[in-house]
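Chemist: Quick note on numbering: the sequence shown equals residues 627 to 896 in the working numbering.
Keep in mind that the hints were calculated from the coordinates and are not lab data.
Accuracy of the hints is not assured; some may be wrong.
When the alpha-carbon atoms are kept at most 27 Å apart in a straight line, the in silico BS3-like pairs for lysine-lysine are as follows [claimed, not checked]:
| no. | residue 1 | residue 2 |
| --- | --- | --- |
| 1 | Lys691 | Lys877 |
| 2 | Lys820 | Lys877 |
| 3 | Lys877 | Lys692 |
| 4 | Lys877 | Lys821 |
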Amino acid sequence: MNRLIRSGRLLYGTAIVALGLEHLITGNFPTALLPVPAEVPGRLVLVYATGGALVIAGLCVVFGKKADWAALLVAALFLLLDLVTHLPKLIANPYNGGVWTTFTELIALTGGALVIAGELLTDFSVTRRGHFTNTYMRYGSLLYALSLIIFGIQHVLYANFVATLIPAWIPWHLFWTYLIGLAFVATAASILLKKQIPLSTTLLGVMFLLWVILLHIPRVIANLHHETEWTSTFIALAMSGIAFVLADFYKVNEADKIDATTAYKSLSIR
Numbered sequence: 627m628n629r630l631i632r633s634g635r636l637l638y639g640t641a642i643v644a645l646g647l648e649h650l651i652t653g654n655f656p657t658a659l660l661p662v663p664a665e666v667p668g669r670l671v672l673v674y675a676t677g678g679a680l681v682i683a684g685l686c687v688v689f690g691k692k693a694d695w696a697a698l699l700v701a702a703l704f705l706l707l708d709l710v711t712h713l714p715k716l717i718a719n720p721y722n723g724g725v726w727t728t729f730t731e732l733i734a735l736t737g738g739a740l741v742i743a744g745e746l747l748t749d750f751s752v753t754r755r756g757h758f759t760n761t762y763m764r765y766g767s768l769l770y771a772l773s774l775i776i777f778g779i780q781h782v783l784y785a786n787f788v789a790t791l792i793p794a795w796i797p798w799h800l801f802w803t804y805l806i807g808l809a810f811v812a813t814a815a816s817i818l819l820k821k822q823i824p825l826s827t828t829l830l831g832v833m834f835l836l837w838v839i840l841l842h843i844p845r846v847i848a849n850l851h852h853e854t855e856w857t858s859t860f861i862a863l864a865m866s867g868i869a870f871v872l873a874d875f876y877k878v879n880e881a882d883k884i885d886a887t888t889a890y891k892s893l894s895i896r
C-alpha cells in the first residue's frame, strides 16, 4: 500500500503527459476537457503549444526534474484555460451539468498541480521553502476538496445519468452512484477539517484507480477512436494520483509530528 501511495506523482505526471499527447496526435483540444471554439485566432498553434507544454511538464513531474516548477506551470496553464474557456460558459449556463463537470475537472487538475508543487518545492531556502510549501499545499488541497464537493453534489443531482456510466455487470447502480457522491463529500470534509487525511485520500485514490481499471479502460477498448473516453480515463488517473500525493504528504507530516513530540518529551524527562 505504501508503494501505491507513493506512486501519486507518477500517476499524475503520466496523465498530464497523456493529455498533452492527445493535443499533439489529434491536432485539437480534447473536446471533453477544453472545448475551445474553432474561430479562436491561431487555434492550431495554441493546440500544439499547449500539448507540448503539458508533455514536457508531465515528464518533469514523472522523472523529478524541476518537478516543482513544472507543476506550477501546469497549475497556471489549467487555471488560465479554465477561466478563459469554462468560466464564461458557466456564468451563461449555471444550470448546465456538463459545463460544471468540465469546469470542475480543471479546478481539480489545477489543485493537484499545486499540491505536487507544495510537496516537491526544493529551490528555496528552508524558511522560504516552508512558506511556499504550505501556501501551495493549502490552496491546492482547497481546490481539490472544492472539486470533490461539486462532484459529490452532481452525483446526487444527476444520479440517474451517472448510474448509466456504471458497467452493466455491477449491480445496484443508483446505490453506488450515491455512495460515491457521499465518498467525495466525506473526503473533501476530511481535507478541509484536516482529519484522517491519509486514510480518506488513500481510499479515494484507490477508488479512482479502480474506476480506471473497471470503468474507463473497458470503455476505451470499446471506443478506441472516441477522444472523450481517452480524456476521461486520463482525468480519473490524475485524480487518483492527486489523492495519493495528499495521502503521502500528510502521512509523512503526521509521522514527523509524532517524532518531534517524542523527542520533546524525551528531552523534558532528561
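Chemist: Hints the structure violates: just list their numbers, smallest first.
Modeler: none
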